[in-house]
Amino acid sequence: MSEVATLEQVEFAENPEPRCPCVLLLDTSGSMQGAAIDALNAGLRTFAEHVSRDTLAARRVEVAVVTFNTEVTVEQDFVTADSFNPPTLTASGMTHMGSAINKALDLVRDRKKQYKDNGVAYYRPWIFMITDGEPQGELESVVSAAAARLRDDESNKRVAFFAVGVEGANIARLADIVVRTPVKLIGLNFAEMFVWLSASMQQVSQSNPDDQVALPPAGWSAV
Amino acid sequence: MTAAPEWTTIGVSVRGSAHERLGLPCQDAWAVRRRPDGGLVVAVADGAGSAAHAEMGAALASAVAADYLTGLERPANDEECCAALSAALTRSLAAVTAKAAELQTEVRELACTLVVVLAEPGRVAAAQIGDGAAVVGERDGSVRTLTIPQTGEYLNATTFLISPDAISAAQVRVESGAFPHLAVLTDGIEMLALAMPSGEAYGPFFAPLFAFANTDTDPDEARAQLESLLRSPRVQARTDDDLTLVLAVRKR
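Residue numbers (this note's numbering), protein chains in the order written: chain A, 4 to 226; chain B, 12 to 263.
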């Protein structure tokens, strides 16, 4: 061969970007009215800003927003972080937490199927539930069925589900529903919490020998 | 008898931008050894991002496996070759376990993947635990993977040397042939070098690399050029993980 071999000729395989799905499952019941919902909205904007600052995370992290009060609403279906426009949420109504958990688990299951069908590699999905209360206005059987499904999904590593209780939340009740120890938000420190979440989503590609996710640092939470 | 063929090797590990951001060291490690009979040994390890002594585990595992395979008598057949690779993995695990005891820490804190390749005249064999890949190529530029990334459902959930049953579940492949071109890599560069999810080697990635390794470039200069490719914006835009690429070519 007479041609000069140079490394500029190296071409890269065109693989779809791996995806890291994250559902924000947000309590918008009546008790969140006022300072809490304002702080949550500001926190969402902080999250969007931070996660899209990292160019790889902006393409890999997919965010969906589900709100729950008397209704369970998909405010935002999965979208990559670079095109995530945080909604402005308002608060009213009851706390249909069981149905909300089901909806979030459905979203994650369906999204993974889409990834598989399209040959997209992905990371373990996260659901991040933020609530100021306990289930309310819902049949107890709905809540216990959702909790059982969540336990099954966690033990089969289908999802990592984190619960954050806002000031006044019934942490003991939350701990009955979710698998991982719920953390308690100190004051209304949503901005700090979302900065932590954004950083965690950016780090999620770090390989891990035992699937443990470090608990959030002191500063915004108390266990 | 012809003279033992001459191997030229270029190996580079580059710290990923995510590791820089998090203040983590480069947790990849590689080792290359020439055997007295003209064979070549390559070992590459990728320390788990969340393990406290990942870089130590990776360096130790790759060096121990490479040393073991270098000092070994030439395997007589494919079965002996497979057994030698398994024994190399076992030695690495023992070394990592002993190091954990010495440091008074959990062995998981030294978790790493491990790919070992033994290239003998007429035969090449590879064993792999976890992600990464071993690739062989012909002089006509064709390439294929010997071992492919071993991941579970999730991209960041792989098997490590210290995982239960990791050695018995390792991929082991032996192939007869001359295979003048050989590459071993860690998962940081997987998405650029392999067509996923099949794990097939991507020809346009490897052909220029092997052609480059075949030129008579000064070894230091060649390593610098490979490193600058791995640090280039077009690579860094696509991965934030540590990157390791070891190239070996048997000169004509």
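Just so you know, these hints were derived from the structure itself, not from any lab. Treat the hints loosely; a few may be bogus.
Unchecked claim - Straight-line alpha carbon distances no greater than 20 Å define the calculated EDC-like cross-link-like pairs of lysine to aspartate or glutamate that follow: (1) A/LYS115 to B/GLU164; (2) A/LYS160 to B/GLU164; (3) A/LYS116 to A/GLU157; (4) A/LYS119 to B/GLU164; (5) A/LYS115 to A/ASP80; (6) B/LYS262 to B/GLU149; (7) A/LYS116 to B/ASP151; (8) B/LYS262 to B/GLU164; (9) A/LYS119 to B/GLU211.
Hint by hint, here is what the structure shows:
| no. | hint | result |
| --- | --- | --- |
| 1 | A/LYS115 to B/GLU164 | 10 Å, holds |
| 2 | A/LYS160 to B/GLU164 | 9 Å, holds |
| 3 | A/LYS116 to A/GLU157 | 17 Å, holds |
| 4 | A/LYS119 to B/GLU164 | 10 Å, holds |
| 5 | A/LYS115 to A/ASP80 | 14 Å, holds |
| 6 | B/LYS262 to B/GLU149 | 12 Å, holds |
| 7 | A/LYS116 to B/ASP151 | 40 Å, violated |
| 8 | B/LYS262 to B/GLU164 | 40 Å, violated |
| 9 | A/LYS119 to B/GLU211 | 18 Å, holds |
Checked against the numbered hints above, the structure breaks hints 7, 8 and satisfies the rest.
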